[in-house]
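Protein chains in written order, with this note's numbering: chain A, 1 to 389; chain B, 1001 to 1258; chain C, 2001 to 2341.
Please note: incorrect hints may appear among the correct ones.
Keeping only pairs whose Cα atoms sit at most 30 angstroms apart, straight-line, the calculated BS3-like set for lysine-lysine is [as the list claims (entries may be wrong)]:
1) C:Lys2066 <-> C:Lys2140
2) A:Lys263 <-> A:Lys310
3) B:Lys1218 <-> B:Lys1204
4) A:Lys72 <-> B:Lys1204
5) A:Lys310 <-> A:Lys188
6) A:Lys58 <-> B:Lys1069
7) C:Lys2140 <-> C:Lys2070
8) C:Lys2321 <-> C:Lys2338
9) B:Lys1218 <-> A:Lys72
10) A:Lys263 <-> A:Lys188
11) B:Lys1069 <-> A:Lys268
12) B:Lys1204 <-> A:Lys58
13) A:Lys268 <-> A:Lys195
14) A:Lys183 <-> A:Lys58
15) B:Lys1204 <-> C:Lys2140
16) A:Lys183 <-> A:Lys195
17) A:Lys268 <-> A:Lys310
18) C:Lys2140 <-> A:Lys58
19) A:Lys183 <-> A:Lys310
20) C:Lys2037 <-> C:Lys2066
21) B:Lys1204 <-> B:Lys1069
Some chain A residues near chain B, calculated using beta-carbon distances under 10 angstroms [unchecked claim]:
22) Pro36
23) Cys63
24) Gly64
25) Leu73
26) Ala104
27) Val232
28) Asp255
In short, the hints are calculated from the structure, not lab data. Every residue gets a Cβ at the ideal spot worked out from N, C-alpha and C, and that includes glycine.
Here is what each chain is made of, one letter per residue.
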Amino acid sequence: MAVADQQRISYIASQAADVRLNVELQTEEMTLNLGPQHPATHGTLRIIARLDGEQVVKADVVCGYMHRGYEKLVEVRTYPQINTLINRIDWLSSFANEVPFILAAEQLMEVEAPPRAQWIRTLFFELSRIANITLFIGEMGVQLGAITPVFFAFRDREYVLNLIEEATGGRFHPNFDRIGGIKDDLPKGWISETKDAMRRIRGYCDQLEDLLMGSEIFEARTRGVGVIPADVGLSYGLSGANIRASGVDWDLRRDAPSPLAWKELDWKVWTHPDGDSFARYWVRLQETREATLMVDQLLDGLPSGPIQAKVPRIIKVPAGEAWAHTENPLGEMGYYVVSQGGLGPFRVKIRSASFHNISIVPWLLKGVYVPDIITILASLYFILGDIDR
Amino acid sequence: MSSADVPPAAQSPSGDTGASTVTDDRHQALLEDLTTRLGDAVVGSHVGNGDLWVRVRPDAWVRAAQECKAMGFDYFCYLSGIDWMPHTWPNPKVIEAPGVVDNENAGDDADASPQEAEAGFESDEPAGDGAIVTGFAGGDTRFQVLARLYSTIRHIGVTFKADLDDETPRIQTWTGEYPGADWCERETSEMFGFDFDGHPNLIKLYLPGEFEGFPLRKDFPLLAREVKPWPGLVDVELFPASYEDPAEAATPAAEEGA
Amino acid sequence: MFALELPYWQLTIIKTVIVLSIIPAGAVILGYVFLLKMMAHMQSRMGPMEPGGFHGWFQLIGDGIKFIQKEDIIPAQADRRVFALAPLVVLISTFLLYVVVPAGPRLVVQDLDVGIFYALAVSSLGVIGVLMAGWASANKYALLGSLRAAGQLIAYELPLVLAVVGVVIQANTMSLQGIVHAQADGAIFGISWIGNPFILTQIVGFGVFLAAAQAELTQTPFDMPVAESELVAGFMTEYSGFRFLFFFMAEFGTAFALSAIAATLYFGGWYQPFFETGILADILGPVVLGIKVMLIAFLIFWIRFTFPRFREDQLQAFAWKFLIPISLVNIMATAVFKVVL
Chain A
1 MAVADQQRIS YIASQAADVR LNVELQTEEM TLNLGPQHPA THGTLRIIAR
51 LDGEQVVKAD VVCGYMHRGY EKLVEVRTYP QINTLINRID WLSSFANEVP
101 FILAAEQLME VEAPPRAQWI RTLFFELSRI ANITLFIGEM GVQLGAITPV
151 FFAFRDREYV LNLIEEATGG RFHPNFDRIG GIKDDLPKGW ISETKDAMRR
201 IRGYCDQLED LLMGSEIFEA RTRGVGVIPA DVGLSYGLSG ANIRASGVDW
251 DLRRDAPSPL AWKELDWKVW THPDGDSFAR YWVRLQETRE ATLMVDQLLD
301 GLPSGPIQAK VPRIIKVPAG EAWAHTENPL GEMGYYVVSQ GGLGPFRVKI
351 RSASFHNISI VPWLLKGVYV PDIITILASL YFILGDIDR
Chain B
1001 MSSADVPPAA QSPSGDTGAS TVTDDRHQAL LEDLTTRLGD AVVGSHVGNG
1051 DLWVRVRPDA WVRAAQECKA MGFDYFCYLS GIDWMPHTWP NPKVIEAPGV
1101 VDNENAGDDA DASPQEAEAG FESDEPAGDG AIVTGFAGGD TRFQVLARLY
1151 STIRHIGVTF KADLDDETPR IQTWTGEYPG ADWCERETSE MFGFDFDGHP
1201 NLIKLYLPGE FEGFPLRKDF PLLAREVKPW PGLVDVELFP ASYEDPAEAA
1251 TPAAEEGA
Chain C
2001 MFALELPYWQ LTIIKTVIVL SIIPAGAVIL GYVFLLKMMA HMQSRMGPME
2051 PGGFHGWFQL IGDGIKFIQK EDIIPAQADR RVFALAPLVV LISTFLLYVV
2101 VPAGPRLVVQ DLDVGIFYAL AVSSLGVIGV LMAGWASANK YALLGSLRAA
2151 GQLIAYELPL VLAVVGVVIQ ANTMSLQGIV HAQADGAIFG ISWIGNPFIL
2201 TQIVGFGVFL AAAQAELTQT PFDMPVAESE LVAGFMTEYS GFRFLFFFMA
2251 EFGTAFALSA IAATLYFGGW YQPFFETGIL ADILGPVVLG IKVMLIAFLI
2301 FWIRFTFPRF REDQLQAFAW KFLIPISLVN IMATAVFKVV L
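The following block holds chain A by itself, in its conformation from the complex:
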């Protein structure tokens, strides 16, 4: 089926759902509460779905069960302290959360980290992307009922987490990025271990491409389910793999000016024209493999030199405003930092990817069946901390 057909069908389905909502004579509808405690929401997201049979007539998303008020909390912290805090936004790829914030602060301070630090930053950025997305690749299986892939995912993600722990001391929350550089250099023997782990991750990707994505049932469950047309997705603020799966060739690593080392690597932005759940899964799988290749290149080309620029002992950021964004595993993550010259920021707006990725869900769920709710939620891939901040 062509893309246009799929998109038209999903429109028709949503319109049919609208009509059903408005007719006066209707069968009795049932309201189904998915969450806040539900295995499919891997966190505390709540979806209130009005069902006609097993078809969704209207779906509302309720979030905020885990809202931690980071935008308020960062106003009473210094820049190095905030680093610890924002680690917990997208907790599966913590290091990737730190980078855009540090970049924003560096922009305001007019400090630039030395090349080696930038390369190591890029290295950990990609490692945390792998740690995050490998889990998604397996998790998608468990949401569709195949339990085995998720255990493979946990097994192989462990290699990456071990690497991160070895170098930073923190398995989940490295808190490794510093204004003007990074905390430490790489430990001895780490590079060969990393290459080994990357080989394993590539093997894992091949395995899942075969085991899960090659399964006819998987295709039947995901093809044509939850089709997002590119323009709709963009106007909802979808980013990252979700929008690349709708055929938008846009990756901030390539398209935004950044001091990190992506520009110096040879890699490819993967897109898929279909915009359905299968496309989203496919794009993420390819990106994971691409990330392992990028890590290999980063390890080979790691420049020597210092890892920390000269910064004052007490970090004080001059007044100004800065917007820094990066292509995080879940999509565009950005920090809008307003400084008034203190030790801490005046206001920080955290633009997290999942928040916007999930905001399309009410539109997307109209007219789908209950099992497709799960497919769509899983394929959009959100982290609760990234929605609720």
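Add chains B and C to chain A, keeping to what the hints say.
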């Protein structure tokens, strides 16, 4: 560069005379384009830090979105608010302590006690005079709504700002142009108390329904800080190995990294 | 011959006790070998390999103890009597299945003339228990799950029956013991010492039977009634402790029974070529049957651990548009060959 641009502070790294503004032709061209399209609705602007800020009149807020959509800004990045009132945190008790630590002489002050460092944190706050200091592209009121759009074709972004009334902050909704603004406006509404005219469903997003107050306003107390005072800059201490050269203290790994 | 002169009531008690002990035994064996060991190996899971030292032998016992210790929770809104009764109804269906499965020339509780017909009939009784559980739980997930189970049963009982018809035509009998003998007496191109297992002629029927049995057992890829990521645990959502254990035992007990029936229908059941009758046949029978059961159960569980789950409409389409036509064709082909040969 619009005349209404107000550099927020003297040491601003990217004021009108900053080097970064000169080279940023793309953003400058975009600003000119926007100015011709929106006319006198543009009341302030700033080009710098590799980005563009445009402040529009509140009544032209929706028109800005429409024009941008027509110009190919297909991607809605975020919408939020800001309260420019100086804040009263974190811990009023330490404000009395004397001493100033500046960026420039931080190295010389390396032997300063943590208490003095703490005090430096406070004394630099603009809270002292209580005046509102607004940021890039200026501002006349306490509240501003800000939103960012991006073009995935031209790979350029713009941040819009609009001043809101102090007493009854309200503005038109963007949901007609960018449906993604729905949740953002709900969040901004509950956090800042802004009203978005024409929003289909302006209920609370994160907070429980009975919640009172607007947490991200600066006068909303952060209870954790009220109850327990700020511990101070406890994490800024000398590294034991480098007492002789305090300037290098913050970069102990620089030598190893070579 | 020995000890067959017992009064009827004594025989009945002995048979009941044996079947009652086979259900947990079968469930425990399958649970241990496949759920804990095979799955742990397939999925690189460390947990089930640890408890008790050698190969995690204690895991299942620990699980059992855990279930029994758990508080027996009945939701306030639940229909208490129906809620309590439902696991038993499901278990009774499993119990009744074992009545006709022969494990040796004389090792059968009751060799009915309509044995296979009876087995397929009682195997669908369990869904009444599932519906009771779903309704009595006063939980939307449970209700959705039990309704899915009912829909699934209607769709898959048909291919199950149609798949068996091929065997019945070939064997000329519906008695399971008769089907075993028919396979034992058959010959493949004149070679008669291993008989003629119907798997050779009814391989299509076996495939359909396996798929339908998988659906009957609500195992992946047909596990929508309990679909964990969608319906939490389907009709079992509100059950805990030993009531949950009943469901668990019924599921694995039924898996064991259906594997035994499949082994009987397609692999010659208890038959081995060395002893047709006599005490040795009765001793070797259960062993032979057990090996065949494990092989078929291995297939069932292998599929369970590998595939994702169908969607409800895809499941129905699979049953009505694929399995039923193919089994009808199979019946026709079998009938034609029966007449011609």
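Let me make sure I understand: some of the numbered hints might not hold for this structure. Which ones are they, in numerical order? 14, 17 and 22
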